[in-house]
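One line per chain: the protein sequences are A and B, in this order.
The numbering of the first sequence is my numbering, which starts it at 1 and goes up by one.
The numbering of the second sequence is my numbering, which starts it at 111 and goes up by one.
In short, the hints are calculated from the structure, not lab data.
Fair warning: this is a prediction, and the values are worked out from it, not measured in the lab.
Don't be surprised by glycine CBs; every beta carbon is placed ideally from N, CA and C.
It is possible that part of the hints are untrue.
Straight-line distance between alpha carbons at most 25 Å, and here's what the computed DMTMM-like set of lysine to aspartate or glutamate pairs gives [unchecked claim]:
| # | chain 1 | residue 1 | chain 2 | residue 2 |
| --- | --- | --- | --- | --- |
| 1 | B | K180 | B | D113 |
| 2 | A | K14 | A | D38 |
| 3 | A | K9 | B | E148 |
| 4 | B | K221 | B | E204 |
| 5 | A | K9 | B | D136 |
| 6 | B | K166 | A | D38 |
| 7 | B | K180 | A | E98 |
| 8 | B | K166 | B | D126 |
| 9 | B | K178 | B | D193 |
| 10 | B | K180 | A | E59 |
| 11 | B | K178 | A | E98 |
| 12 | B | K180 | B | D168 |
| 13 | B | K177 | B | D164 |
| 14 | B | K166 | B | D136 |
| 15 | B | K177 | A | E98 |
Label-pair restraints from in silico Cβ distances [said to hold, decoys possible]:
| # | chain 1 | residue 1 | chain 2 | residue 2 | range |
| --- | --- | --- | --- | --- | --- |
| 16 | B | K178 | A | T108 | 30 to 36 Å |
| 17 | A | M19 | B | E124 | 39 to 45 Å |
| 18 | A | L79 | B | G150 | 25 to 31 Å |
| 19 | A | G95 | B | K221 | 33 to 39 Å |
Stretches of chain B that chain A covers, calculated by requiring three or more beta carbons in the stretch to come under 8 Å of a beta carbon on chain A [stated by the list, open to error]:
| # | segment |
| --- | --- |
| 20 | 153-159 |
| 21 | 171-178 |
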Amino acid sequence: NAGVTQTPKFQVLKTGQSMTLQCAQDMNHEYMSWYRQDPGMGLRLIHYSVGAGITDQGEVPNGYNVSRSTTEDFPLRLLSAAPSQTSVYFCASRGAFEAFFGQGTRLTVV
Amino acid sequence: GEDVEQSLFLSVREGDSSVINCTYTDSSSTYLYWYKQEPGAGLQLLTYIFSNMDMKQDQRLTVLLNKKDKHLSLRIADTQTGDSAIYFCAEGTEEYGNKLVFGAGTILRVKS
Chain A
1 NAGVTQTPKF
11 QVLKTGQSMT
21 LQCAQDMNHE
31 YMSWYRQDPG
41 MGLRLIHYSV
51 GAGITDQGEV
61 PNGYNVSRST
71 TEDFPLRLLS
81 AAPSQTSVYF
91 CASRGAFEAF
101 FGQGTRLTVV
Chain B
111 GEDVEQSLFL
121 SVREGDSSVI
131 NCTYTDSSST
141 YLYWYKQEPG
151 AGLQLLTYIF
161 SNMDMKQDQR
171 LTVLLNKKDK
181 HLSLRIADTQ
191 TGDSAIYFCA
201 EGTEEYGNKL
211 VFGAGTILRV
221 KS
């Protein structure tokens, strides 16, 4: 019962580098999303997808891209990392009622 | 827009009950959730309640919903040291394909 799997758990990037955070779910959920968590701010929605081939922007999309080629996978790409993107990133997968989160990726941009 | 507010910190003694409160603004919310986050870990779904319910009980957890006042609470009976964590309240909204709006989290500290 894997649920939502995120990789990597930790990452350090230099300013200007790009990388992809991976997210996979095995619950056949249509709705998946990416959030970032910053101290004292709760979680903010970056991008979301309501099914394979369909993605859309959330509240804080700048500097990030997503794609959804399969129901299972929803990777998040940082195009050119900036120190303001230092955060903890969570992928979520949602069924009819329940939303499940991955363990998070702690990203530091130096 | 929608907003979810929680108190920042709660300290209780082991064996006491804990009550974590939350207020939300979106009256169209269909579901409300409580998540637990332990240090360095992800968010664990504790429970959720439909907006047409007043109460939901699940073992040591009791959720109370006052829809008129847009107030949600989580009561943890017989609080244990393992309950020490950050607790997030979240509401499901119709925006962004039914995104979740989170509060900033309540830090629960359980003293032995």
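Evaluated hints:
1. B:K180 <-> B:D113: Given pair K180 of chain B, D113 of chain B holds - Cα atoms ~11 Å apart, limit 25 Å.
2. A:K14 <-> A:D38: The given pair, whose Cα atoms are some 19 Å apart, holds under the 25 Å limit.
3. A:K9 <-> B:E148: Holds. K9 of chain A to E148 of chain B sits at ~15 Å (cutoff 25 Å).
4. B:K221 <-> B:E204: Judged against 25 Å, a Cα distance of about 39 Å means the pair is violated.
5. A:K9 <-> B:D136: Distance of about 33 Å is beyond 25 Å: violated.
6. B:K166 <-> A:D38: violated, 30 Å
7. B:K180 <-> A:E98: holds, 20 Å
8. B:K166 <-> B:D126: holds, 20 Å
9. B:K178 <-> B:D193: violated, 30 Å
10. B:K180 <-> A:E59: Given pair K180 of chain B, E59 of chain A holds - Cα atoms ~23 Å apart, limit 25 Å.
11. B:K178 <-> A:E98: Holds: K178 of chain B and E98 of chain A sit about 24 Å apart, inside 25 Å.
12. B:K180 <-> B:D168: With Cα atoms ~21 Å apart, K180 of chain B and D168 of chain B stay inside 25 Å; holds.
13. B:K177 <-> B:D164: holds, 8 Å
14. B:K166 <-> B:D136: Judged against 25 Å, a Cα distance of about 20 Å means the pair holds.
15. B:K177 <-> A:E98: holds, 20 Å
16. B:K178 <-> A:T108: 30 to 36 Å: At roughly 45 Å between Cβ atoms, T108 of chain A and K178 of chain B fall outside 30 to 36 Å, so the hint is violated.
17. A:M19 <-> B:E124: 39 to 45 Å: Holds, since M19 of chain A and E124 of chain B (Cβ atoms, about 43 Å apart) stay within the stated range.
18. A:L79 <-> B:G150: 25 to 31 Å: This hint holds: roughly 27 Å between Cβ atoms.
19. A:G95 <-> B:K221: 33 to 39 Å: Check passed, 37 Å falls within 33 to 39 Å.
20. 153-159: Three-residue rule met by the segment 153-159 of chain B, so holds; n is 4.
21. 171-178: Violated - the segment 171-178 of chain B has 0 residues with a Cβ nearer than 8 Å to chain A, which falls short of three.
Checked against the numbered hints given earlier, the structure breaks hints 4, 5, 6, 9, 16, 21 and satisfies all the rest.
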